[in-house]
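Residue numbers (the numbering used here), protein chains in the order written: chain V, 1 to 114; chain E, 1 to 114.
Simulated from the structure, these hints should not be mistaken for lab results. The reader is advised that the hints may include incorrect statements.
Going by beta-carbon spacing under 7 Å, a handful of chain E positions derived as facing chain V [stated by the list, open to error]: (1) Phe10; (2) Pro39; (3) Gly40; (4) Leu43; (5) Phe90.
DMTMM-like mimics (lysine to aspartate or glutamate), calculated; alpha carbons at most 20 Å apart, straight line [claimed, not checked]: (6) V:Lys101 to E:Glu72; (7) V:Lys3 to V:Glu58; (8) V:Lys113 to V:Glu31; (9) E:Lys9 to E:Glu59; (10) V:Lys3 to V:Asp82; (11) V:Lys101 to E:Asp73; (12) V:Lys69 to E:Asp26; (13) V:Lys101 to E:Asp56; (14) V:Lys52 to E:Asp26; (15) V:Lys3 to E:Glu30; (16) V:Lys101 to V:Asp11; (17) V:Lys101 to V:Asp82; (18) E:Lys9 to E:Glu72; (19) V:Lys52 to V:Asp82; (20) V:Lys113 to V:Asp67; (21) E:Lys9 to E:Glu30; (22) E:Lys9 to E:Asp26; (23) V:Lys69 to V:Glu55.
All residues carry an ideal CB built from backbone N, CA and C; glycine is no exception.
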Amino acid sequence: DAKTTQPTSMDCAEGRAANLPCNHSTISGNEYVYWYRQIHSQGPQYIIHGLKNNETNEMASLIITEDRKSSTLILPHATLRDTAVYYCIVRVQLIYNQGGKLIFGQGTELSVKP
Amino acid sequence: NAGVTQTPKFQVLKTGQSMTLQCAQDMNHEYMSWYRQDPGMGLRLIHYSVGAGITDQGEVPNGYNVSRSTTEDFPLRLLSAAPSQTSVYFCASSYRGTASYGYTFGSGTRLTVV
């Protein structure tokens, strides 16, 4: 199973872009990179996912390197409400390729400061 | 409202008692899973199911049982509660398939075993 490595914590100034890195050097060709966040003790919230192309939605952008060994989640204009733990996850495929287990790591605790 | 519903939100058990944590989703998701989250830690997968009648173990299955008799429901049973099972439990669901989909999480059940 592919593992991910993220910094334990990061700070970001309000209004600036927050760039959260993730290493997944053992990722397989058909595994997706997912990002979730967890605000305080709420249930995790899906942010974005990608396979090999860069992706953007209303919440964030995901940049995946060409070799797919790392990625960066970008929150373009961070607000205080973006303070949360951010999880980078490689989606493990089941043997019959139906869905896939989500295995969480420790994540990055992002603090957005005024 | 569509989503994942977990009940109860809070529960206190005595050591040795048994109970069932309920999880229901109304999105016709095939894939459902249970996680536990201990203080200051990430989520760990307990059990998961890829469809009615099909379940499998995750990272930390000991002391828990699951069954999936319908697509909508995925209850988690604690057979004989222990203090080590004090945790926050999250249920999640997703569509099945080779295409990538985000997972929807419930708001959690906070369990204390005394």
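Hints, verified against the model:
1. Interface restraint check for E:Phe10: the shortest CB-CB distance to chain V comes to about 12 Å, outside 7 Å, so the restraint is violated.
2. Interface hint at E:Pro39: violated, since its Cβ lies 10 Å from the closest Cβ of chain V, which is beyond the 7 Å cut-off.
3. A cut of 7 Å between beta carbons decides the hint on E:Gly40: the least distance to chain V is about 9 Å, and the hint is violated.
4. Restraint check, E:Leu43 versus chain V: the minimum CB separation of about 4 Å is within 7 Å; hint holds.
5. Against a cut-off of 7 Å between C-beta atoms, the interface hint on E:Phe90 holds, since the closest Cβ of chain V lies about 5 Å away.
6. For the suggested pair V:Lys101 and E:Glu72, the alpha carbons sit about 18 Å apart, so the restraint of at most 20 Å is met.
7. With a C-alpha separation of about 27 Å, the suggested pair V:Lys3 and V:Glu58 falls outside the 20 Å cut-off, and the hint is violated.
8. For the hint pairing V:Lys113 with V:Glu31, the CA-to-CA distance comes to about 34 Å; that exceeds 20 Å, so the pair is violated.
9. At most 20 Å may separate the alpha-carbon atoms for a hinted pair to count; E:Lys9 and E:Glu59 exceed this at roughly 23 Å.
10. The hinted pair formed by V:Lys3 and V:Asp82 fails the criterion: a straight-line CA distance of about 25 Å is larger than 20 Å.
11. At most 20 Å may separate the alpha-carbon atoms for a hinted pair to count; V:Lys101 and E:Asp73 meet this at roughly 18 Å.
12. Distance hint between V:Lys69 and E:Asp26 is unfulfilled; the C-alpha atoms sit about 36 Å from each other, more than 20 Å.
13. Using a Cα cut-off of 20 Å, the hinted pair V:Lys101 and E:Asp56 holds, with the two alpha carbons roughly 10 Å apart.
14. Between V:Lys52 and E:Asp26, the direct Cα distance comes to roughly 31 Å. Violation of the 20 Å bound is thereby established for this hinted pair.
15. A threshold of 20 Å between alpha carbons decides the hint, and for V:Lys3 with E:Glu30 the separation of about 25 Å lies outside it, so the pair is violated.
16. For the suggested pair V:Lys101 and V:Asp11, the alpha carbons sit about 30 Å apart, so the restraint of at most 20 Å is broken.
17. The hinted pair formed by V:Lys101 and V:Asp82 fails the criterion: a straight-line CA distance of about 26 Å is larger than 20 Å.
18. A distance of roughly 19 Å separates the Cα atoms of E:Lys9 and E:Glu72; the hinted pair therefore holds under the 20 Å criterion.
19. Of the supplied pair hints, the one linking V:Lys52 and V:Asp82 is violated, its CA atoms being roughly 25 Å apart against a limit of 20 Å.
20. Between V:Lys113 and V:Asp67 the CA atoms are separated by roughly 33 Å; this puts the pair beyond 20 Å, and the hint is violated.
21. For the suggested pair E:Lys9 and E:Glu30, the alpha carbons sit about 24 Å apart, so the restraint of at most 20 Å is broken.
22. With a C-alpha separation of about 18 Å, the suggested pairing of E:Lys9 with E:Asp26 holds against the 20 Å cut-off.
23. Simply put, V:Lys69 and V:Glu55 have alpha-carbon atoms about 16 Å apart, close enough for the 20 Å limit, and the pair holds.
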